[in-house]
Amino acid sequence: MKEKKILFVVVVLFLSLTILTIPFSAGYAKSKNTKSIKIGVLLPLTGPYAMWGKMFQNSMELALDSVGWKVAGKKIELIIEDEGGEDVSMALEKAKKLVEANRVGLLLGPFYGGSALSVMPYTSSIPIVNVKWSQPGKNKNEIGNKYGFWVPTTYPDNTYPLGQYAYEEKGIRTVTTIGSDYDCAYEFVEGFTDAFKSKGGKVIQQQWAPLTEIDYTPYLSNLKMADAMVIGTLGPPAKLALFSQYDQLGLFKKMPIFISEVGTLPSPVMQEMGDKIIGVKGVEKFLTSLKNPEAQEFLKSYQAKYKSVPDDKASDAYSGMKVVLAALKATGGDTDPDTLKKALLNVKLNLPPGPFQFSEGRVGMVPLRVSEVQRVGGKLQWVPVKEYPGRPPYVETYP
Amino acid sequence: MELIILNVLNGVSFGAILFLLCSGLSLTFGVMGILNLSHGALYMVGAYVGWSIAVHQGLNFWLAVLAGGLVAGLLGLIMERGFFRHLHGMINEQVLLTFGFIYILTNLCLWIWGGVPKAPYTAPSFSGSFDIVGDWTYSKARLVVTGIGIVLAAVLWFFQEKTRIGAIIRAGMDNKEMTIGLGINYGLVATFVFILGCFIAGAAGVIGASLFGVTLDLGMSILLLALVVVVVGGKGSVQGALVGGILIGLIISFGKALFPQISTFLVYLVMIVILLIKPSGIMGKKVQDR
Amino acid sequence: MIELRDVHTYYADSYILQGISLEVKEGSVAALLGRNGMGKTTTIRTIIGFTPPREGIIRFKEKEIQCLKPHKIARMGIGLVPQGRQIFPSLSVYENLTMAARDMERGDAWNINKIYNLFPILKTRTRIKGTLLSGGEQQMLTIGRALMTNPALLLMDEPSEGLAPIIVEEIGHIIGRLKESGISILLVEQNISMALDLADYVYIISKGVIEYESKPDDLIKNEEIVSNYLGVAGNE
Chain L
17 MKEKKILFVV
27 VVLFLSLTIL
37 TIPFSAGYAK
47 SKNTKSIKIG
57 VLLPLTGPYA
67 MWGKMFQNSM
77 ELALDSVGWK
87 VAGKKIELII
97 EDEGGEDVSM
107 ALEKAKKLVE
117 ANRVGLLLGP
127 FYGGSALSVM
137 PYTSSIPIVN
147 VKWSQPGKNK
157 NEIGNKYGFW
167 VPTTYPDNTY
177 PLGQYAYEEK
187 GIRTVTTIGS
197 DYDCAYEFVE
207 GFTDAFKSKG
217 GKVIQQQWAP
227 LTEIDYTPYL
237 SNLKMADAMV
247 IGTLGPPAKL
257 ALFSQYDQLG
267 LFKKMPIFIS
277 EVGTLPSPVM
287 QEMGDKIIGV
297 KGVEKFLTSL
307 KNPEAQEFLK
317 SYQAKYKSVP
327 DDKASDAYSG
337 MKVVLAALKA
347 TGGDTDPDTL
357 KKALLNVKLN
367 LPPGPFQFSE
377 GRVGMVPLRV
387 SEVQRVGGKL
397 QWVPVKEYPG
407 RPPYVETYP
Chain S
826 MELIILNVLN
836 GVSFGAILFL
846 LCSGLSLTFG
856 VMGILNLSHG
866 ALYMVGAYVG
876 WSIAVHQGLN
886 FWLAVLAGGL
896 VAGLLGLIME
906 RGFFRHLHGM
916 INEQVLLTFG
926 FIYILTNLCL
936 WIWGGVPKAP
946 YTAPSFSGSF
956 DIVGDWTYSK
966 ARLVVTGIGI
976 VLAAVLWFFQ
986 EKTRIGAIIR
996 AGMDNKEMTI
1006 GLGINYGLVA
1016 TFVFILGCFI
1026 AGAAGVIGAS
1036 LFGVTLDLGM
1046 SILLLALVVV
1056 VVGGKGSVQG
1066 ALVGGILIGL
1076 IISFGKALFP
1086 QISTFLVYLV
1096 MIVILLIKPS
1106 GIMGKKVQDR
Chain B
615 MIELRDVHTY
625 YADSYILQGI
635 SLEVKEGSVA
645 ALLGRNGMGK
655 TTTIRTIIGF
665 TPPREGIIRF
675 KEKEIQCLKP
685 HKIARMGIGL
695 VPQGRQIFPS
705 LSVYENLTMA
715 ARDMERGDAW
725 NINKIYNLFP
735 ILKTRTRIKG
745 TLLSGGEQQM
755 LTIGRALMTN
765 PALLLMDEPS
775 EGLAPIIVEE
785 IGHIIGRLKE
795 SGISILLVEQ
805 NISMALDLAD
815 YVYIISKGVI
825 EYESKPDDLI
835 KNEEIVSNYL
845 GVAGNE
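Residue numbers (this note's numbering), protein chains in the order written: chain L, 17 to 415; chain S, 826 to 1115; chain B, 615 to 850.
Calculated from the structure, these hints are not laboratory results.
The beta carbon of each residue, even a glycine, is placed where N, CA and C say it ideally should be.
Heads up, some of the hints might be wrong.
[What the hints assert, rightly or not] Sample of chain L residues at the chain S side, in silico, Cβ under 7 Å: (1) Tyr-138; (2) Thr-228; (3) Ala-242; (4) Ala-257; (5) Pro-284; (6) Met-289; (7) Gln-373.
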């Protein structure tokens, strides 16, 4: 009787242990011997960012087309899931589904910063490489996401060259800043002011407005006159309102503007704003006016296949996939996280924005272009005026 | 001193937009007893329609104002005839339905006008600025908006206080049953007022767009401030919407200038204080339950 | 003028009018008497359509009106002088009078000047809010407001309620003048003496049923009915 009971307990224990270990052995380690490589992708296919989701899918497929959807003799299987929009928990559910049900070898995405934050504790807890398109904050590593890679650089690093440029090239000595009262806007402004102050510039005033603010006139009425104004607001709606209120107060003539991201002023919106925004300066990695062969090829093949123009974010998706393919080629298709991580850190490629490499902290380094709004061929466009080479995030070496 | 003048101008012009939005909301709330949560969405629809007329077609700005109002009014007619008149006294259903209309209208706008926000637009003669005190210049559009707000306030005040239909509307808010008992087809009056309110919302959208442009989240974001104005000013009266709108406009404007950290909170603080002191709002009258 | 035939009215589940039949002849005053809570006000509300009957027929000017909406019933020529007066507090005296005015084409129709002639005190108060008037003035305003709709029939629900005796007397005079002008009146009253002075015919209602009807003179003689159904109210 007693033996039987013990035997039963042992069997149950053994069975449950086996069941518990199956996902780990099958999901994370076995991929070495499979014939295809499964890549899980999280994209916003619905919700407010849906327009980018489609663009991302296009760009990735374009990168895959160039290698015939094969690397190291293995077929590449892309499993795309919708990360949704404002409901960030959806991205987490889909990430779990990709990892646990689809057994993907590596994970790309999500796109939206909020979704990235909701997914990160999960991806940090499992051994899987996660290449992201979301831009990281300067404290990106505080959650311990050791297999996480970021294609774009950090928020403050994005604007750092702009602060240098303003001081060195334009003789700006004082600035006033307006930003959204929101984490990444703070960091965008901080990048500018850190660079600016390190040269000897003075920040005489900083104002922060709620994220959804549409009436900036009170802030503008309160403005202290400086050599330039730095704007760290986020979305196009905020910029549109701010710019036209800036114009209505006649300020364009008095203070030049530096903005954090070129991408928040999309072409159709620029055309609508008109000539008053000529001379506004911003900074970005990829611009459609770049002349290097990689950018030209990306632009041409994208336009040929999809009949539309890709933006900086689309180039992130393209770059990300190119980098992943190069790393997979180096590992012979192995997605073991430590092997793949090593390979990714060794990747050096010429991509549409220029020479690409990950920093030690796994953040993408590409040249950044300070650009200016100009009228070219009847259309308002961002034209690069000075290029800053890619370098490791200054915040990685920050005291 | 300059700063005070500028902030007063800012506050009053923002208040004028709030007034334009809330006069309709407050009237329909008072007359129909229905709190139309999609009122802000109608404002947004008006702004988009106005954009199509003024920017896309390049037609006259005032025509855009009219068109924005008409489309919103038409939507109001459909809502009222099709839905609201079947929901008298059913508070939960009203809230859910009018809230649902926000999503429907927002998605319609996304479908028609796309996700890219529209830049502020106005009549060519109102764009730009002119010099005022000292080194400062001020926005023409904001002064025009203030002017429109004052004119509309006067017109609506006259309509509500000095005309027979205005008297009927006030009588209905005092005592709906007695008004009907005197032979007045109050349902028709309420429909008329509802459509008028929606018309004003749509027209206000176009006028507001000359300062703020138009985006898809406007329907929701502007609603919250509108509700605060109605609570502060008191429902059912033009004067209430005006006083509430200007007061909230000034608080927001001075708040942003003087205490930017708590400016958003300040608005709600004022609302709470007024609710404690005078629950029916500054100019509010007690509206009969029905 | 108006005729109710076996009218049954409910407030939700409570059965209030349990088969009322009564009639107001053209140009006459019919009084509906009874204690509080017996169904007098409900009768008025049933006629105007606020609480439509579940059964029975109401005929006004030879047309059945029990299925019509209240505002349509009123527009057929019924003027309402409700219990508690129900002046609109947001409206001035002038607006209270004119907001519902209609049918003023006839030569002998009521208009604002005639109302001011009838109630000279109102003319001096024309701009102030209706609810700032005294009780008697408010009652005059209510009557004036109903007259401005130029009704053929007036439904008056306790016009003497809460008024000083001297004012009641004045209101009584006015009702008498209205009757002389040819308006039919259904008068609901607790003030028996005033009602009996004015009425051509009297109904007594109790617990939703007409218990007694006669000419006023016959009622005065019938002390048993007076004490049973009207109680002390008759002596007030």
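Hints versus structure:
For the restraint placing Tyr-138/L at the interface with chain S, the shortest Cβ-Cβ distance is roughly 29 Å, beyond the 7 Å limit, so the hint is violated. The beta carbon of Thr-228/L comes within 5 Å of a beta carbon in chain S, closer than 7 Å, and the hint placing it at the interface holds. With 7 Å as the threshold, the beta carbon of Ala-242/L stays out of range of chain S, its nearest partner Cβ sitting at about 14 Å, so the hint is violated. Annotation: Ala-257/L was flagged as interfacial toward chain S, and the flag holds, the nearest CB pair being 5 Å apart, inside 7 Å.
Nearest Cβ of chain S to the Cβ of Pro-284/L: about 5 Å, under the 7 Å cut. The hint holds. Checking Met-289/L against chain S: minimum C-beta separation of about 5 Å stays under 7 Å; hint holds. Because the closest C-beta pair between Gln-373/L and chain S is about 34 Å apart, greater than 7 Å, the hint is violated.
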